[in-house]
Amino acid sequence: MYNYVMRRILIAIPVLFGVTVINFIIMKMAPGNPVDMLVNPKLPAAAVEAKRMELGLNAPAYEQYWNWLKNLVLHGDLGYSMITYEPVTRMIGEHLWPTLLLMGISLILGLAIAIPLGVISAVRQYSKLDYTVVTLSFLGISIPNFFLGLGLVYLFALKLDWLPTSGMTELGQGGSFKDVVLHLILPCIVLTANVTGRTIRYVRSSMLEIIGQDYLRTARAKGLKEVLVVNKHAMRNALIPIVTILGMEIPILFGGAVVIEQIFSWPGIGQLTLSSIMSRDYSTIMGLNLVAAIVVIFANLLTDIVYALVDPRIKHSYQGAARS
Amino acid sequence: MSEAITRSAPSQTPLLVLDQLKKYYPIRKGLLNRTAEYVKAVDGVSLNIVPGETLGLVGESGCGKSTIGRSIVGLERPTDGRILFEGADISKLSGSEMIKLHSEVQIVFQDPYSSLNPRKTIGSLLAEAVKVHRVVPSDKVVSEVDRLLDIVGLPKTSKSRYPHEFSGGQRQRIGIARALALKPKLIVCDEPVSALDVSIQAQVLNLLKQLQKEFNLTYLFIAHGLGAVRYISDRIAVMYLGKVVEIGPTKELFRNPKHPYTRALLDSYPIANPHLRDRERIVLEGDVPSPVNPPSGCRFHTRCPMAQAKCREEEPLLVGEGDHASACWFSH
Amino acid sequence: MESLLAVKDLRTSFDTDQGQVVSVDRVSFELKAGETLAIVGESGSGKSVTALSIMRLLGKGSRVSDGEIRLNGVNILELDEKKMRDIRGNRISMIFQEPMTSLNPVFTIGHQLMEAIRLHLNKDKKQARAHAVEMLKKVGLPRPEQIMDEYPFALSGGMRQRVMIAMALACKPTVLIADEPTTALDVTVQAQIMRIMKDLCAEAGTAIILITHDLGVVAEMADRVLVMYAGQIVEEADVFTLFDHPQHPYTQGLLRSVPHLEADDQDELAAIPGTVPARYHKMQACRFHNRCAFATEKCRTELPPLIRTQDGHTSRCWEIEAATIHYEEGKAR
Numbered sequence: 318m319y320n321y322v323m324r325r326i327l328i329a330i331p332v333l334f335g336v337t338v339i340n341f342i343i344m345k346m347a348p349g350n351p352v353d354m355l356v357n358p359k360l361p362a363a364a365v366e367a368k369r370m371e372l373g374l375n376a377p378a379y380e381q382y383w384n385w386l387k388n389l390v391l392h393g394d395l396g397y398s399m400i401t402y403e404p405v406t407r408m409i410g411e412h413l414w415p416t417l418l419l420m421g422i423s424l425i426l427g428l429a430i431a432i433p434l435g436v437i438s439a440v441r442q443y444s445k446l447d448y449t450v451v452t453l454s455f456l457g458i459s460i461p462n463f464f465l466g467l468g469l470v471y472l473f474a475l476k477l478d479w480l481p482t483s484g485m486t487e488l489g490q491g492g493s494f495k496d497v498v499l500h501l502i503l504p505c506i507v508l509t510a511n512v513t514g515r516t517i518r519y520v521r522s523s524m525l526e527i528i529g530q531d532y533l534r535t536a537r538a539k540g541l542k543e544v545l546v547v548n549k550h551a552m553r554n555a556l557i558p559i560v561t562i563l564g565m566e567i568p569i570l571f572g573g574a575v576v577i578e579q580i581f582s583w584p585g586i587g588q589l590t591l592s593s594i595m596s597r598d599y600s601t602i603m604g605l606n607l608v609a610a611i612v613v614i615f616a617n618l619l620t621d622i623v624y625a626l627v628d629p630r631i632k633h634s635y636q637g638a639a640r641s
Numbered sequence: 002m003s004e005a006i007t008r009s010a011p012s013q014t015p016l017l018v019l020d021q022l023k024k025y026y027p028i029r030k031g032l033l034n035r036t037a038e039y040v041k042a043v044d045g046v047s048l049n050i051v052p053g054e055t056l057g058l059v060g061e062s063g064c065g066k067s068t069i070g071r072s073i074v075g076l077e078r079p080t081d082g083r084i085l086f087e088g089a090d091i092s093k094l095s096g097s098e099m100i101k102l103h104s105e106v107q108i109v110f111q112d113p114y115s116s117l118n119p120r121k122t123i124g125s126l127l128a129e130a131v132k133v134h135r136v137v138p139s140d141k142v143v144s145e146v147d148r149l150l151d152i153v154g155l156p157k158t159s160k161s162r163y164p165h166e167f168s169g170g171q172r173q174r175i176g177i178a179r180a181l182a183l184k185p186k187l188i189v190c191d192e193p194v195s196a197l198d199v200s201i202q203a204q205v206l207n208l209l210k211q212l213q214k215e216f217n218l219t220y221l222f223i224a225h226g227l228g229a230v231r232y233i234s235d236r237i238a239v240m241y242l243g244k245v246v247e248i249g250p251t252k253e254l255f256r257n258p259k260h261p262y263t264r265a266l267l268d269s270y271p272i273a274n275p276h277l278r279d280r281e282r283i284v285l286e287g288d289v290p291s292p293v294n295p296p297s298g299c300r301f302h303t304r305c306p307m308a309q310a311k312c313r314e315e316e317p318l319l320v321g322e323g324d325h326a327s328a329c330w331f332s333h
Numbered sequence: 047m048e049s050l051l052a053v054k055d056l057r058t059s060f061d062t063d064q065g066q067v068v069s070v071d072r073v074s075f076e077l078k079a080g081e082t083l084a085i086v087g088e089s090g091s092g093k094s095v096t097a098l099s100i101m102r103l104l105g106k107g108s109r110v111s112d113g114e115i116r117l118n119g120v121n122i123l124e125l126d127e128k129k130m131r132d133i134r135g136n137r138i139s140m141i142f143q144e145p146m147t148s149l150n151p152v153f154t155i156g157h158q159l160m161e162a163i164r165l166h167l168n169k170d171k172k173q174a175r176a177h178a179v180e181m182l183k184k185v186g187l188p189r190p191e192q193i194m195d196e197y198p199f200a201l202s203g204g205m206r207q208r209v210m211i212a213m214a215l216a217c218k219p220t221v222l223i224a225d226e227p228t229t230a231l232d233v234t235v236q237a238q239i240m241r242i243m244k245d246l247c248a249e250a251g252t253a254i255i256l257i258t259h260d261l262g263v264v265a266e267m268a269d270r271v272l273v274m275y276a277g278q279i280v281e282e283a284d285v286f287t288l289f290d291h292p293q294h295p296y297t298q299g300l301l302r303s304v305p306h307l308e309a310d311d312q313d314e315l316a317a318i319p320g321t322v323p324a325r326y327h328k329m330q331a332c333r334f335h336n337r338c339a340f341a342t343e344k345c346r347t348e349l350p351p352l353i354r355t356q357d358g359h360t361s362r363c364w365e366i367e368a369a370t371i372h373y374e375e376g377k378a379r
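Chains as they are written, first to last, in my numbering: chain A, 318 to 641; chain B, 2 to 333; chain C, 47 to 379.
Quick caveat, the hints were computed from the structure, so don't treat them as lab data. All clues stand as given, with none of them false.
Anything over 12 Å on all C-beta distances counts as not near chain B; from chain C, calculated:
no.: 1; residue: Arg109
no.: 2; residue: Glu127
no.: 3; residue: Met329
no.: 4; residue: Phe340
no.: 5; residue: Asp357
Heads up, simulated BS3-like pairs for lysine-lysine below, C-alpha to C-alpha not over 25 Å straight-line:
no.: 6; chain 1: B; residue 1: Lys93; chain 2: B; residue 2: Lys23
no.: 7; chain 1: C; residue 1: Lys128; chain 2: A; residue 2: Lys542
no.: 8; chain 1: C; residue 1: Lys106; chain 2: A; residue 2: Lys445
no.: 9; chain 1: C; residue 1: Lys172; chain 2: A; residue 2: Lys549
no.: 10; chain 1: C; residue 1: Lys169; chain 2: A; residue 2: Lys549
no.: 11; chain 1: C; residue 1: Lys169; chain 2: C; residue 2: Lys129
Taking CB as the label site, the calculated pair distances span:
no.: 12; chain 1: C; residue 1: Asp170; chain 2: B; residue 2: Asn257; range: 53 to 59 Å
no.: 13; chain 1: C; residue 1: Ala339; chain 2: A; residue 2: Arg553; range: 52 to 58 Å
no.: 14; chain 1: C; residue 1: Ala339; chain 2: B; residue 2: Arg278; range: 26 to 32 Å
no.: 15; chain 1: A; residue 1: Val498; chain 2: C; residue 2: Lys218; range: 54 to 60 Å
no.: 16; chain 1: A; residue 1: Val627; chain 2: B; residue 2: Glu322; range: 57 to 63 Å
no.: 17; chain 1: B; residue 1: Ser115; chain 2: A; residue 2: Phe463; range: 44 to 50 Å
no.: 18; chain 1: B; residue 1: Arg29; chain 2: C; residue 2: Lys183; range: 33 to 39 Å
no.: 19; chain 1: C; residue 1: Lys183; chain 2: B; residue 2: Glu322; range: 43 to 49 Å
no.: 20; chain 1: A; residue 1: Thr452; chain 2: C; residue 2: Pro351; range: 49 to 55 Å
no.: 21; chain 1: C; residue 1: Ala339; chain 2: B; residue 2: Pro156; range: 17 to 23 Å
no.: 22; chain 1: C; residue 1: Glu249; chain 2: B; residue 2: Ser297; range: 34 to 40 Å
Every residue gets a Cβ at the ideal spot worked out from N, C-alpha and C, and that includes glycine.
Please construct the entire structure, taking both the sequences and the accompanying hints into account.
This is how it looks when you write it as structure tokens:
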């Protein structure tokens, strides 16, 4: 197992390298640059040129990339934002936590709702409950985030005035626990609805597949209670494919954060991403991209590790790989 | 040339010759996915089949009997050895040569359902086979399909129906009709009746036997059920872990099995006669060992009731008198 | 003597798109303590459904619509689910055809064995483990202590079926239902499994209901035989009578269509022509008449009852005499 994880981490290095190269190329191909975005068009050409020099934009592209990479590998340094002059590492650090908080809560809530509902829905296939659950999950998938988000803002903030609509804390209140929770509710609902919708369908179909298996009949023939047959014998097997969802949901949520954070002005990675793209903040974009790639790779690795934990057959094959 | 090559009805030139056929499947392992071991599915098998005969190939799961069948029709590429069909080596044919070969060598599978396209009617399935190989001129395709259905005992109305509308036995008839469509010389029957009910098995076996007479077909009949093999085969080869351990004429082999494995196989087979239930017999211990690292010496020694030191060390060759041979140090 | 298990007029039906289909139609039989009763039939004959009806483990959409199943005089169809659970795996156990899929892949062998033991026998974890190891030893598995901690994927089909037998017999049931227990196994392994099943059941006094399509297995194992066709019992006799003097043309046909190993040269197998009719459950006739050489007008219009010809031998046929004479003559020839 250790061997396997090490191997995966080693493979991740060239992948990450490739991702940064591609990202750099695409970024450079996009029209505009940080100086154009930043400066007053009336500024004399010499001043603009000085700015370009200062930001290192006049060097050939490969050299710019090489400098960025050298800094990263040698010093673990992602450089400074070309707009705010803050260290990129610090900017990302500040914005990462709000996003992880939002994502984590939505993911946990989504799974907590979807797994039991999916299971019940599969066990009582074709019942009214099943149809209701399937319909709800369909709604969860098909309503766009921004639509649901705006709808919720309209209802709970504008009409009812129960909940705040933007930011993570109320200005000037210092961010008490209660304050953060209140701000979390609306964006969380949107993301959770999305996660739940997708997950229910996986859980239901994975459970349906398990329900017809011979070993459940064996379990019943032993005299086990139906509750145990479903919640223990069926669930442990149904969980195996559900684990894949973890690996897929994390990148999806990470991407979805861009829209959600925009709607609710949530000070997370999504917002930072959008603003740095708008201002062509090259160094920040590169850093964010690297973080996103790491998250995706990490999510996949996590999936495979959890896979091994829940499925003895896979654990065995990892061990087999490690032994030789 | 190995010994067994000569071991067939000697008067006729064989239609098919397997010469030291080997099929190994690599198992990849480790950080670099190197091939660490091989599954030795078929490990040096030599057999002859003469025109018009049925050679039965029996053995338990994993003995390599199906791999041999699949190699003959080109579904597997042998690792080593030769497959001679009418004297020409067919084990290394290219795509187009292979297609040509298919009109001479056909296969009937165990589960005809999974080998019939569910979205095509029986008529178009059969017509396709007839057309691809230009068996008859295009204006005669329809009547040829009718003829095929008639041969295997299905009504002409079957043409417009889909595979799922047929029972297991009928589907197997369709599978046979499709194989016959190309007017082959050799048909590999890979467990053709194992999935069928007893009363239906008999129907299909009778059909195969009757077709053989009518069209002078040659069969390689692969099965694990000894009853069916005995009924249809002229000669039988018994396989164990990728090797032939005994081969001989059916009657002779059943009356006087030489290899202890053959004996155990015959003894284990349940006989539909309660008066014989307390007969003396050898019941083997344990399971068939893995073909990844087969036992040294005689591969059967781990389960053989009469194994001795020599059996663990040296591999016995297939030898015997006349056309009955076995690979055992102590059976002669 | 009071019979151990008495099934009376059992009717099991299931829902299809075309309405209700009766897959087991008025099946009655008795099982005495310690005996082996074989139920023979081809796919769709209702033999497995009969077994699942006794276990009350029918799937969705099917139910026992009529009849009684008495275990030691108690009709188990009337028991509540909790009481029925006390019977399953404890007094009536079952093993299935597919050893490869009958064990849960994510739990160890030991876990699955001990689950049944702890459920029905009042044992703590340590005792249950010891008992489980003992059972694995009894079914002839090597290194039972190690196998306790293995997962099913590490075992071969034959070994898994041994585990299933160990599990089924762990609580010393009075009835073991074995549904095609050796069909998926290799011949040499099949012989081992049958021997183990027979020896262990004899030792514990467990009666066996053996469900199979293989007449060879029946001849080797059974004391008494029920032949089922299209959801009904068509013949019942002790094993020697059934193989020596079958009365129902279907039984006769089955026996003749088996390729024999001990007899020389069979020119042609006597196949039973045709197939089981699709809507047999609606037929007011002998369900075998379309495949029967002795069918008369009466067979096409009236369902024959089970006719008792001598003690312990019954068959569902209007033309027993003609069929029997023909069969005996054929055998003599």
